[in-house]
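Chains A and B, in that order, give the protein sequences. For what it's worth, this note's numbering labels the leading residue of the first sequence as 39, then goes sequentially. For what it's worth, this note's numbering labels the leading residue of the second sequence as 533, then goes sequentially.
Treat the hints as calculated values from the structure; they're not laboratory data. Beta carbons are placed, not taken as given, at the ideal position from N, Cα and C, and that holds for glycine. There could be a bad hint or two in this list.
Some chain B residues close to chain A (C-beta under 7 angstroms, calculated; not the full set) [as the list claims (entries may be wrong)]:
#1 G566
#2 S567
#3 E760
#4 G765
Selected chain A positions facing chain B (Cβ under 10 angstroms, derived; list incomplete) [claimed, not checked]:
#5 L94
#6 N97
#7 L192
#8 R199
#9 V238
#10 S241
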Amino acid sequence: MAGFLLKRLLQSIFVVMVVTLVVSLAVRMTGDPALMITSGATNVTEADLARIREGLGLNEPFIWQYLNTLAGLFTWDFGRSFVGGTQVSLLIGSALPATLMLAFASLFVSILISIPLGIKAAVSRGKWADQLIRILSLVGLSFPNFWLATMMVLLFSITLRWLPPSGMNGFASFIMPAVTMGVILTATNVRLVRTTMLEVLNSQYIMVARAKGLSERKVLYKHALRNCAIPLVTYLGLQFGGLLGGVVVVERVFNWPGMGSLAFDAVSARDYPVLQSVIMVLSLMIVSVNLLVDIAYGLIDPRIRTE
Amino acid sequence: MKKNFAATALALILLAAPAYADGKLTVSSPQDPGSWDPIDTFLVNWASVGTNIYDGLTYRGPDMELVPGLATSWEELDEGKRIRFTLREGVAFHNGEPFNAEAVKFTFDRLLGEEGGKGPQQSNYTSIERVEIIDELTVDFYLKAADPVLLTKLAGYGGMIVPPKYVAEVGEEAFNLNPVGTGAFKFVSYSPKVGIVLAANPDYWGGAPKIAELEYRFITEPSTAIAELQSGGVDLVIPPTIPIGMIPTIKADSNLELVTTAGPTVYSLRYNTRDGITADERVRRALTMAVDRETIVSSILGGEAEVISQLQGSRSFGFDPDLEPLPYDPDAAKALLEEAGVAPGAQVQIDIRGNDATFNEVVQAVSAYLSMVGVTATIQPYETNVLLNDIIPQGKTGAMFQQSWGGWTFDYDNTAYSMYHSGEKWNPYDSDPELDALLESQRPMTDRAEREAVLQQIAGYAFERNLEMPIYNLNAIYAINTRVKGFEPAPDSRMKLNEVSVD
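Same shape as in the complex, but just chain A:
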């Protein structure tokens, strides 16, 4: 078990290093932050630019800059933003909770919709309800989420004035972003619930439960759903990682002060420290979730450990 853990851990560290290295290198090929900072200024001389670059620490060797960023994980000092000199840890400190809360809310929305629908589809397999749910989930999957977001804003914010169109300010502000993200997840989750449910429903213990004369409701929710939970939870864990990466568009549409918005602004401004740190923190979280899932598998199924 120790060997398996060590192997997975080393793989994870390697992935984080590669991701951050590629991002750090790539962003440096796209332009000079000193020029971005001084754009609009008049009479900027080469000497001014050199002075600003020096101040930003851009004259240090790349590998040193990169290692400094990595070191931030241990010291929680990610340097300063090139825009205004704000401490990156301060920015991430406020953006990360915003993104995490949105991700959890989206998962919650998705679970809330997909479990009843998935069960309904499985129970009425082949009937019209099943067909309808499957078609709907296909439609949901093919929705561009920015379109859905815009339509919701049009209806609930501008026409009805029920919900705030942007920002993170209280419960009401969570509804539209969480539903937008949740709908996309729901489409896949409904199918997952349906498939696992079908498998479980064909098993012998369900037959026994029915034979005992338990109500259909009890059979479904007490016996069948619990057994569906294992693959579902695993899958949701993996989805959570994906959610963190997929928030950029939704955060932007709803002006959500999260990691996606932070990354987007950082790319536009060539704000290396912010971008590198955001990517590092996000990739670390995604890798950690995957690692936990791996470990959980290993604990449950001895065959995986010895692989």
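Assemble the complex: chain A is given as a structure, and chain B must be docked to it using the hints.
Using the frame of chain A, we list chain B on its own:
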């Protein structure tokens, strides 16, 4: 704890405000500058907020007239190499610290010293050699060379006066996030990437604000900002947010109003005057005459722009009102092309910024017009950074390339020197000793009328040589909720909101 403190502070300020200061104005601004220190950034959206927190020695409002700010008068001495300012009496910073000569000296020592060197503002004020205190309310600015634009520059950005004791006390870091100035509004709270909240300064020397609270929210996405405006979440959306395509949405909503004024930015396609067919002045003139710029402005820009003959708008110092844009005349253009020996089917490449949707449409129209006189244009979009920092400075452009340009100083020198002087980054192809001499000659002039005449001469000279195809001067576009009263659009987005009230 922190929140409680901010809330209490806000409550106290609200209680202290006079009875007529009532109501809250919420502004949508597209960018968070990250620091509220005047010397740290060069973002126009810093100034949209900063103008309300700080004052400069001079002030320039929406009418673009330079008037007294924290200095009540000034005198240019020693052939423009020394300026004596008399300071306003009885002004205090928001923390109670008095405004005096020492604060002025501190501000500029800091800007021109090590702290200022870390930011982009220093380069704008390098003509100042030192500031000397004469007495409590008099300072002398010693200049290395006369700088005709300096008085304008003192009205904003790096020239904003900061409190010496406060900065020393709290340190640079805390000052960035907790600004204190002499302005019409006091700082209350700031959350990075979310917004900043200000409260009225009832003792403001320029008149107490008519609203109690002023909040800015940072909203980058134009459609989101408009949705907030439509649903009442914000009252005012400031430039550069609203794209031309959204103007009809605002006009259709009876609660909203579109307020525009000629802005600082001019759009042009500059010519490669060194190589290819555009090296010939006649060809350049022909290409300019082949394009119906009036129609482009009325149909693509919704009329929110003005056709220009020179690389500046009508609000700019140095603008020559007598210089009419070349007429749209495809027949004359064809004749000129023939005269220059350009056969039909000649190719030109137009390099543009890939992310500018509106200008992209404009260039497609330009390309269509050019095809009507037998010139085939291919449009080459670049990532903005690549175009600005590699393709143009290295002289790797096609026959024509996009130049959008505008400085908040509204002084033609800023544009003309960068565009036309030999060896400048933005001038990769042309070298004209006569033009260089003209450009250099106006810089030391302290007589405004004399300098304006030279600037107009430069505009005329560039026009005669057809160095670019000037296209339009874009309006600064604001959208407001009709409950906002007394709002005047600032061409440079630096709006002071003490005269604004809300219903």
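Tested hints:
1. G566: 2 angstroms, holds
2. S567: Cβ of S567/B sits 3 angstroms from chain A, so the hint holds.
3. E760: Where the cut-off is 7 angstroms and the nearest Cβ of chain A is about 5 angstroms from E760/B, the hint holds.
4. G765: With a minimum Cβ separation of about 6 angstroms from chain A (threshold 7 angstroms), the hint on G765/B holds.
5. L94: 8 angstroms, holds
6. N97: At about 14 angstroms, which exceeds the 10 angstroms cut-off, the nearest Cβ of chain B leaves the hint on N97/A violated.
7. L192: Holds: closest Cβ of chain B sits about 8 angstroms from L192/A, inside 10 angstroms.
8. R199: Constraint on R199/A satisfied, holds at 6 angstroms.
9. V238: Hint violated; V238/A Cβ to chain B Cβ min 44 angstroms, cut 10 angstroms.
10. S241: 49 angstroms, violated
This entry does not satisfy hints 6, 9, 10, going by the numbered hints stated previously.
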